[in-house]
Amino acid sequence: MTRSNEPLLPPRSPCIGICQVNDQQICGGCYRTLSEIGRWSIASTDEKRSILNCVQRRRFESVFPASCGQDET
Numbered sequence: 000m001t002r003s004n005e006p007l008l009p010p011r012s013p014c015i016g017i018c019q020v021n022d023q024q025i026c027g028g029c030y031r032t033l034s035e036i037g038r039w040s041i042a043s044t045d046e047k048r049s050i051l052n053c054v055q056r057r058r059f060e061s062v063f064p065a066s067c068g069q070d071e072t
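Using numbering that gives the first Met the number 0, the first residue of the sequence shown is number 0, and each one after it goes up by one.
Hint data in this document are derived by calculation from the structure and do not stem from the laboratory. By construction, the Cβ of each residue, glycine as well, lies at the ideal position given by its N, Cα and C atoms. Don't take each hint at face value.
Below 20 Å or equal to it, Euclidean Cα-Cα: the simulated SDA-like pairs (lysine to any residue) are [unchecked claim]:
no.: 1; residue 1: K47; residue 2: G37
no.: 2; residue 1: K47; residue 2: P64
no.: 3; residue 1: K47; residue 2: F63
Cβ-Cβ distance ranges computed for the label pairs, FRET-style [claimed, not checked]:
no.: 4; residue 1: L7; residue 2: A65; range: 30 to 40 Å
no.: 5; residue 1: C18; residue 2: R56; range: 18 to 28 Å
no.: 6; residue 1: I41; residue 2: P64; range: 24 to 34 Å
no.: 7; residue 1: L7; residue 2: P64; range: 27 to 37 Å
no.: 8; residue 1: R56; residue 2: V20; range: 16 to 26 Å
no.: 9; residue 1: A65; residue 2: L8; range: 32 to 42 Å
no.: 10; residue 1: L7; residue 2: R38; range: 15 to 25 Å
no.: 11; residue 1: I41; residue 2: F63; range: 15 to 25 Å
no.: 12; residue 1: L7; residue 2: S40; range: 31 to 41 Å
no.: 13; residue 1: P9; residue 2: P64; range: 12 to 22 Å
no.: 14; residue 1: P9; residue 2: S34; range: 31 to 41 Å
no.: 15; residue 1: G28; residue 2: F63; range: 16 to 26 Å
no.: 16; residue 1: S49; residue 2: G28; range: 31 to 41 Å
When you get a sec, could you build the whole thing from the sequences and use the hints?
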């Protein structure tokens, strides 16, 4: 079976066991919303990938906050 014919495994949970929810209802450990955490076990593979895309964006934004249009002087 070639690599392109292999079935895709479902995405793994981004949970790292550090569950601390902030004021925006986002976990500081996995960067999922409470809703996304609750849906994870029943979410389709496509929905999980969508959640992981959001997680990646939130994680990036937590490290590199948007500063467009702001002077640094």
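Flag every earlier hint the structure violates by its number, smallest first.
Numbers 2, 3, 11, 12, 13, 14 and 16, in rising order.
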